[in-house]
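Undergrad: Here's the letter readout for the chains.
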Amino acid sequence: MNNIFSQIKRSKEMGILAILVVISIIISAFNSSFLTFGNLLDVVKSNIVLGIMSMGMLLVLLTGGIDVSIASVISAVTVIIGRFMVDYSSNIFLIFLVGVVAGSLMGLINGLLIAKLKIPPIVATLGTMSVIFGLVLYLTNGNWITGIPQNFIDFGRVTIGQFPVAGSDRIQGIPIQFLFLLFAIALTWFILKYTMIGRGIYAIGGNRDSAERIGMNSENITLFIYTYEGFLIGLAGVVHTSIMRQVDPNAFIGFEIQVIAAVVLGGASVLGGYGSVSGTIIGVSLFCIINNGLILMHIPTFWQKIVVGVVLITSISFDVIQKRMHDKKNIRVDIDESESSFKRLSVVQKSTSQA
Amino acid sequence: MNKDIQKNTKQIGAPQKENRMRRLVKKVHLDTKELVLLQLLIGVFLLMSILSPGRFLSVYNLQSMAYQFPEFGIFALAMMVIVVTGGINLSITYSATLSSILGAVVLVALNNLGVQPLVTVVIGVLVIIISSIACGAVNGLIVAHIGITPMLATLGTMTLFEGIALNITKGGAISGFPDMFQWFGNSAILGIPVPLLIFVLVIIATYFILQRSSFGAKVYMIGCNPTATRFSGVNVKKVLFLLYIYSGILTGFAGIIMASRYNSAKESYGYTYLLQSVAAAVLGGTDISGGFGKVFGTVVSVLILQVISSGLNIFGVNRFITDVIMGMILIVVLTINFVNNRMEEKALLSKKVVTA
Amino acid sequence: MAQNMFLRMHNVSKTFPGVKALKNIDLEVEYGEIHALIGENGAGKSTLIKILSGVYQPDEGAEIIIDGVVQKTITPLDSLKRGIAVIYQDFSLFPNLSVAENIAMVSRVEKRKKIVNWRETNQIARSALAKLGLKIPLSKTLSELSVAKQQLVAIARALVNDAKLIVMDEPTSALSRGEVESLFSIIRNLKEQGISILFISHKLDELFAISDRFSILRDGKYVGTFGEDELDDDRLISLMVGRKIEYKIFEKRTLVDPIFEVRNLSKAGNFKDISFTLHRGEILGITGLVGAGRSELAQAIFGLNPSDSGELILEGKRLQVNAPEQAVQHGISYIPENRLTEGLILKKTMSDNICLTVLKQISSRHGLIEKEAQNKLVEKWIEEMHIRPNIPNMIASKLSGGNQQRVVLSKWLATDPKVLIVDEPTNGIDIGAKADIHQLLRDLSEQGMSIIVISSELPEILAIGDRVLVMRRGKIAAILDGKNLTQEEIMKEAL
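Protein chains in written order, with our numbering: chain A, 1 to 355; chain B, 356 to 711; chain C, 712 to 1206.
In short, the hints are calculated from the structure, not lab data.
These numbers were taken from a predicted model, which means no experiment stands behind them.
Be aware that one or more of the hints could be misleading.
One side of the interface only, derived from the structure: several residues of chain C facing chain B at Cβ under 10 Å [what the hints assert, rightly or not]:
#1 S724
#2 L738
#3 I776
#4 V780
#5 V781
#6 F919
#7 P1035
#8 Q1040
#9 S1074
#10 I1190
Derived, one-sided and incomplete: chain A residues facing chain C with beta-carbon distance under 10 Å [claimed, not checked]:
#11 I25
#12 A29
#13 N31
#14 S33
#15 F34
#16 W189
#17 K193
#18 T195
#19 I197
#20 G206
#21 N207
#22 A211
#23 I214
#24 R245
#25 D248
#26 G272
We treat Cβ as the ideally placed atom computed from N, Cα and C, and that holds for glycine.
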């Protein structure tokens, strides 16, 4: 009974999972190195940021919103913590604090515009994207920040456990950044399932008017969503910097579409109300494996954009067409299938024609 | 100025009484808003002229503006016609650059083959227009026939178009057009820049299609209530499909001007126009939720934004800061709209009860 | 007597800026009573309910006693805490959440919970459903349930907060006959548990079947409260409208010139084997209970809800109708039941609305609208239909219900249809305007237009239908001659 919500989407998640398995088989048929521990670890490591950010985007999509400013926010976060650790302090805790506070504040701004000023999410976040990216590029001039303190670099190199890599003598551990991904997933899962705000997010996505009528504060919930999303982006920004060991203000241009595509692929309905953490994990995995497969199959990186676009369009189309089929099948009238009514009909017609 | 307003409102509604009634009845912002926009345009123009008289009002600057804003204006109209339906078209700039890249490939190939320049240019332009129609048709198909929300549909096609464009250019720019192609972006007829002429034609065409034709009437109605419009026997899918194609064609024109002005084609040209187009449409009084919006307002807003960005450029303001300001303008305008609507609603509410 | 009252509202008035919506209303509801609140649209029922649920504050001087406690003010939360639960027409449920969560949600919010306890959620839901004697799987998603079951979930939700008075706003409007019966037995069951019900409905037969007492509002004023034995249909109606409704009964005609034929029209889950003929100048009434498939049939003929099989034949020509625009081309028009969302574009002007169906007529060869032609057309219809106020640029949402309906009618009459289908043409329109619309339909039929009128209101069908087609559970139950037809004869076929 604990899985009330996952039951709803189970069938859909299973479908995506099946696609995931099929694609994995196809890719490994082309390239034997795909299904190795080392490659999968690389896939995970290079997509930790995507994974963390997709959790925030899930919340946004659940209420029928959207956020195209996330790439600019994470760029800003990386620049802020980059400058902070180069110029002020290399204290790991402070770096994280600065990152998540900066991210949360930018998220809060989006939230205020959307919740309080009722600006449609797409337009509000398009606006903040322009403002934040503009500021980032103005302040950095597009230049990279290097000279990251050694203790932060060391922190980013920490691994957990030791696993032998098949076919070589190398020994690999799970990177510490993976813990942050787990943290983001667990926290989001807990919020959605066990807090009133989380249930409120589903309630608003399902029927905003009703939610407000029974006393839920949709404005506050919207504020929470975008702030929490900003918080996760802040976290992702620090994690990203710990992996890359430098800051490229242009690194994330166009990244928002990848995040949205991955979450939508995971079954989150863009009309709000439906979507789950488990589905999003599967969607993000599928998305990453497709991308990884392209690389392994030596398909030019320019194809990646096309794949993202096609994946986004087809997965939503699938959703919409499925819904339409479902609506069509919907029985509107309980038709009387008994034969007797035929007889009655003919009798009545006779009687009226005689009259 | 005040006198002007009076004269103008008088022209609109003949008898004074009906005019008052109309004002009660009709959304107030329609007619007065356009006047406010014109005043705003004159205001920013004067401001820039006063702050930098020598350079802003120079022939050189005015001329360079006249070459710059047409492509922006065409993008803004391509955006605006879709916003009127309650949608948004995020793919405009990539639709333009993909089309111009396809055209560029043909232009370069024919040029290298030594085909007569005129023939080359005509074929190149045709390819751009046909490509832009195809881009619009893809959008229309997904939005109108499959029924995906425009925001996500065009987010997807935007990425798709960019991806295809990148695959052709491999990230670089395509150049090597016949010189004649530069005519579209850099020449003038009787002193009037060709891009400006194209823009004027686009304005007239869009005005007639949207505000004067029966097709346009359907577009506005769909923007207000697609269900009731369908119940009225309007083929909503067809109207939307055609409108997305029209939006696509406009991006084709913008693509021609951009490719000609830069004498090359690249996928990222004009990227910043996306946001500015939304800003211009919204600033121009287009209701972001659909149903209302006029060509005139959008065009004046384009001029306002262009004057601001040119002015900032002259003051030596960093171009990234211009982006910041454009984003701020969008947010501020929507905030003002929100406050206005609130007040209007309040006024309406008290009125509604009286008649109830 | 006074101690038996769960709710006493005395001298309740509500003034909005410039208008008095309620004037000195009294309403008393006993413990364990089923109390009907009735009145025409705009009589003040919903304002009164909103005061009761804390959405509006009454004017000064009102006395409200709930469960023996004098309430100075009522906030929505007070209202809930004092045991008043309002079930609105749309149920206010969450389609994407489970049955259990839907039932427990209000109490969670009310208790200002931060963390969700799923075990408690299920317990709450289980005990609420048990009180109603219902078995609905707790983990089922709400959208997978039928409308009737969803309503039961809404009632269960009301019980969670120990509701002592459940207000039901038009609870039967979307239910089939059988479902109404089971709803009533649940309501009676609640009554036995001492819970009071305030029942709002327009269906008099249902009201008489279930209610103990009736309180009647008219034009924001309190008319009185009556026991079941003090009233009958006629008296109730005359108290409601202040006069007895008598539709003018038009003389029934026998028409011979068939123009439109529907042959074996079927659509799975909608209707089956529908065949009938419509004559030139005829008004055919289609009636039946809600859920009998009337609107589905009409929308199939109009192409909004294309049928699976069957034929439509107009003037001997077989029609292909898969979309509304095709129907319009053939001369078939459909005026939907829901004027506000389907019939009109509320934000646009009367002129825009009237012209939408005939844009071609008022456009030049190049597709440009000719202002003069448009104004002429609009003026003509304003004149002909007596639309008031006669301002073409009036925004449609500002018009009264009757005038809105006239705009919708104009919009379709402008297409000069051969077959006009009107779905509940007088729903929510005041009585005077109803008679006008009846007369208008009759006049149109005299001019040769063939009209199908779909209506739940039998007196209306009897007044204007030359013949009456009765639908039952997706099929034709009978086609009756309108001459000397009675409500009883129709009901016999419809049930």
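Undergrad: If a hint holds in the structure, say so; if it does not, say that too.
TA: We went through each hint and held it up to the structure:
1. With its C-beta approaching chain B no nearer than about 14 Å, S724 (chain C) sits outside the 10 Å limit, and its interface hint is violated.
2. Hint status for L738 (chain C): violated, given a least beta-carbon distance of 21 Å to chain B, over 10 Å.
3. With its C-beta approaching chain B no nearer than about 28 Å, I776 (chain C) sits outside the 10 Å limit, and its interface hint is violated.
4. For V780 (chain C), the interface hint is violated, the least distance from its beta-carbon to any beta-carbon of chain B being 31 Å, above 10 Å.
5. Checking V781 (chain C) against chain B by beta carbon gives a least distance of about 29 Å; that is not within 10 Å, so the hint is violated.
6. For F919 (chain C), the shortest C-beta to C-beta distance to chain B is roughly 31 Å, which exceeds 10 Å, and the interface hint is violated.
7. Because the beta carbon of P1035 (chain C) sits about 4 Å from the nearest beta carbon in chain B, less than 10 Å, this interface hint is met.
8. The interface hint given for Q1040 (chain C) is met, as the beta carbon of that residue sits about 8 Å from the closest beta carbon of chain B, less than 10 Å.
9. The closest approach between the C-beta of S1074 (chain C) and any C-beta of chain B is roughly 4 Å, which is under the 10 Å cut-off, so the hint is satisfied.
10. For the restraint placing I1190 (chain C) at the interface with chain B, the shortest Cβ-Cβ distance is roughly 27 Å, beyond the 10 Å limit, so the hint is violated.
11. About 32 Å separates the beta-carbon of I25 (chain A) from the nearest beta-carbon of chain C, more than 10 Å, and the hint is not met.
12. Violation of the interface hint for A29 (chain A) is found here, the shortest Cβ-Cβ separation to chain C being roughly 38 Å, above the 10 Å cut-off.
13. For the restraint placing N31 (chain A) at the interface with chain C, the shortest Cβ-Cβ distance is roughly 40 Å, beyond the 10 Å limit, so the hint is violated.
14. With a cut of 10 Å, the hint placing S33 (chain A) at the interface with chain C is violated, because the nearest CB-to-CB distance is about 42 Å.
15. Proximity of F34 (chain A) to chain C is violated relative to the hint, the smallest CB-CB distance being about 37 Å (cut-off 10 Å).
16. For the restraint placing W189 (chain A) at the interface with chain C, the shortest Cβ-Cβ distance is roughly 13 Å, beyond the 10 Å limit, so the hint is violated.
17. Proximity of K193 (chain A) to chain C holds as hinted, the smallest CB-CB distance being about 7 Å (cut-off 10 Å).
18. A hinted interface residue such as T195 (chain A) counts as satisfied when its beta carbon comes closer than 10 Å to some beta carbon of chain C; here the least separation is about 6 Å, so the hint holds.
19. Nearest Cβ of chain C to the Cβ of I197 (chain A): about 8 Å, under the 10 Å cut. The hint holds.
20. At a threshold of 10 Å, the smallest CB-CB gap from G206 (chain A) to chain C is about 4 Å, leaving the interface hint in force.
21. Taking 10 Å as the C-beta contact cut-off toward chain C, the hint placing N207 (chain A) at the interface holds, the least distance being around 5 Å.
22. Taking 10 Å as the C-beta cut-off, the interface hint given for A211 (chain A) holds, the closest approach to chain C being about 7 Å.
23. About 5 Å separates the beta-carbon of I214 (chain A) from the nearest beta-carbon of chain C, less than 10 Å, and the hint is met.
24. At about 40 Å, the closest approach between the beta carbon of R245 (chain A) and any beta carbon in chain C exceeds 10 Å, and the interface hint on this residue is violated.
25. Because the closest C-beta pair between D248 (chain A) and chain C is about 40 Å apart, greater than 10 Å, the hint is violated.
26. The beta carbon of G272 (chain A) comes within 8 Å of a beta carbon in chain C, closer than 10 Å, and the hint placing it at the interface holds.
Of the numbered hints stated above, those contradicted by the structure are hints 1, 2, 3, 4, 5, 6, 10, 11, 12, 13, 14, 15, 16, 24 and 25, listed in ascending order.
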